[in-house]
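With chain A's structure known, arrange chains B and C on it following the hints.
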Amino acid sequence: MPLVRFDIVEGRSKLEIGTLLDAAHRALVAAFDIPARDRYQIVQEHAASHLRAEDTGLDIERTDRIVFISVTTRPRGDAAKLKFYREVCRELQESCGIAASDVIISMTTNTDADWSFGRGRAQFMTGELR
Amino acid sequence: MPLVRFDIVEGRSKLEIGTLLDAAHRALVAAFDIPARDRYQIVQEHAASHLRAEDTGLDIERTDRIVFISVTTRPRGDAAKLKFYREVCRELQESCGIAASDVIISMTTNTDADWSFGRGRAQFMTGELR
Amino acid sequence: MPLVRFDIVEGRSKLEIGTLLDAAHRALVAAFDIPARDRYQIVQEHAASHLRAEDTGLDIERTDRIVFISVTTRPRGDAAKLKFYREVCRELQESCGIAASDVIISMTTNTDADWSFGRGRAQFMTGELR
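The listed protein sequences derive, respectively, from chains A, B and C.
Anchor point for the first sequence: position 40 equals 40 in our numbering, and the numbering is continuous, going up by one each time.
Anchor point for the second sequence: position 60 equals 60 in our numbering, and the numbering is continuous, going up by one each time.
Anchor point for the third sequence: position 40 equals 40 in our numbering, and the numbering is continuous, going up by one each time.
Honestly, the hints are just simulated from the structure, not real lab data.
This structure is a prediction, so every number in the text was calculated from the model and none was measured.
Hints are supplied without guarantee of correctness; some may be wrong.
Since the list gives no way to pick out one identical chain from another, each pair is judged satisfied if it fits inside one copy or across any two copies.
[Claimed, not checked] Calculated pairs, EDC-like style, for lysine to aspartate or glutamate (alpha carbon to alpha carbon, straight line, at most 20 Å):
no., residue 1, residue 2
1, Lys14, Glu45
2, Lys14, Asp64
3, Lys14, Glu94
4, Lys83, Asp64
5, Lys83, Glu61
6, Lys14, Asp78
Here chain A stands alone, though its shape is the one from the complex:
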């Protein structure tokens, strides 16, 4: 169920974007222990001028390969979140050559009643999903 938004700089091929989405989803499945088909992703390309990322003084260098990942999810423990940060960076490095210094992630938490996956039903409330 996590809904994941990716904001990236324009210029990648469809194939590259598909590889990126696949890699990020593998990381999410591994970290959150969700079903493989629990995949909801939106990717938006931007002019480089439209994505601004500095470093909060952490001395992290950014490039045009930067990826903002915004996750909306039911509650997850800290360990699962930390594992996702590590795993998604590893996957994006290995599969897409994206440096971990270019991966910025934020998460927002909601609850069971906040999801409908189709058919006008709230599947975590009906018991169709747990």
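For chains B and C alone, coordinates are given in the frame of chain A:
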């Protein structure tokens, strides 16, 4: 006050998109019992490759008419949320021919101090809105 | 660390957009008392038809210069939020000629574990940031 983001596949006419936004707003007004002019909508079109929706094992078939709806709202009861899921699917089916199997919704909750509708004021804090 | 999304009507120059982002960031730094390099901004341009803002009965007139600002942040006090609303309207008016009646803001709160600024690390958990 809900802020509603729609992510859809590109290719609809402006008229079709306007019809979709009107239909979704009617559902929100009915479900959340908000004023008719409490309307804040952002719609983003995407290449089909940039929206990925599987089904979490629910056996739901998706098409290129898929609509992701992301709602940010002050706290709402479960009944209001469930009514919105039903109503928005009914409205989108009737007005736009979008199947309920193509409607994916997530909600995020915030609070009174988290909204400013203009003029640099937080209208739920000043008492201009309740 | 706040992540700030801007949704605006298309047609501004890159220079104008840069000025807008700079102005909004100054307001955030002043209101939230964050480091100057704590800057994470995404701006998305839309056709005017794709942004709908009415006024919840507040009698606020909107124009094509409308700006939706969506902030994701760790917890902030009400005073800091109210200061941001005032400051960002002042900055956008002074630097960009955007009327306060065209600035719509919503905030969403998350927590320390919900952020990774790069390197696969959660810098508020590791102690690299506070």
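Worksheet item: Which earlier hints can't be squared with this structure?
Response: 4, 5 and 6
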